[in-house]
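Peer 1: Sequence lines, in order, name chains A and B.
If you count by the working numbering, then the first sequence holds residues 1 to 116, one letter each, in order.
If you count by the working numbering, then the second sequence holds residues 1 to 112, one letter each, in order.
Warning: the hint list may mix true and false statements.
Calculated cross-link-like contacts (lysine-lysine; reagent style DSSO-like; alpha-carbon spacing at most 30 Å) [as the list claims (entries may be wrong)]:
id	chain 1	residue 1	chain 2	residue 2
1	A	K20	B	K37
2	B	K104	A	K66
3	A	K64	A	K20
4	B	K104	A	K20
5	A	K64	A	K41
6	B	K42	A	K66
7	B	K68	B	K104
Derived list of chain B stretches under chain A, where covered just means 3 residues or more per stretch with a C-beta under 8 Å from a C-beta of chain A [unchecked claim]:
id	segment
8	42-53
9	98-108
No lab work stands behind these hints: they were computed from the structure.
Please read all numbers here as calculations on a predicted model, not as lab measurements.
Here a beta-carbon is modelled for each residue, glycine too, at the ideal position from N, C-alpha and C.
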Amino acid sequence: GAVVSQHPSWVICKSGTSVKIECRSLDFQATTMFWYRQFPKQSLMLMATSNEGSKATYEQGVEKDKFLINHASLTLSTLTVTSAHPEDSSFYICSARGDLAKNIQYFGAGTRLSVL
Amino acid sequence: GESVGLHLPTLSVQEGDNSIINCAYSNSASDYFIWYKQESGKGPQFIIDIRSNMDKRQGQRVTVLLNKTVKHLSLQIAATQPGDSAVYFCAETNQAGTALIFGKGTTLSVSS
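All chains should be modelled from the sequences, with the hints used to inform the complete structure.
Peer 2: This is the structure we're talking about:
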């Protein structure tokens with residue numbers, strides 16, 4: 001149980017385009033989902049917290065208009081990187097917390113974004 | 001501010017040895033801690049958690065110890081195997097209890 005699927009695992013895009021990343025909880029309902037960004041050999045930095053049916057809460061310094069988060073159902077959250085630039089290249093990871101264990105977050109496999 | 005850190009960025013052990021990975025945290029009000037394992041190119045995998053009302057918790061081959069007096073957390077891995085090679089992160093819930101704050105990570109390398 002507690003499987004979180006993230007898609008795509010790897011994406012290359014041209015500068016100025018938008019990229020959507022999906023995060024799904026496959027076997028539980030995720031009341032809260034989280035989006036992290038991770039640079040090589042560094043820790044995970046929380047970008048935003050999203051609760052189903054409400055607007056996401058962004059961490060300080062994260063641009064809301066650049067990183068659009070939607071959590072329309074209890075099993076799906078999406079992160080859209082709008083007008084991507086090379087500096088947005090990174091490893092993006094989602095996690096989900098639901099009814100299995102309130103404080104444990106289960107992570108997706110991550111998405112490697114490369115912006116040319 | 002809130003921060004979680006680790007004492008050593010790397011740890012190298014021989015297969016079969018016991019490994020101890022340490023973590024120091026700064027928020028004395030933290031009441032919940034988690035250890036995650038992250039293999040290269042993958043998302044973090046839950047290992048074990050502990051609440052602040054406990055000093056020790058054991059899982060399969062892993063033990064987490066919490067010393068609230070010195071704000072120190074450790075993960076012990078018994079009979080370390082090559083498959084244990086990964087980056088290990090400790091994390092604590094933020095003050096609001098709404099999210100996790102991750103430490104910097106320790107890279108564990110296990111040689112045969």
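Peer 1: Hints numbered earlier in the text: which of these fail when held up against the supplied structure?
Peer 2: Hint check: nothing fails, all pass.
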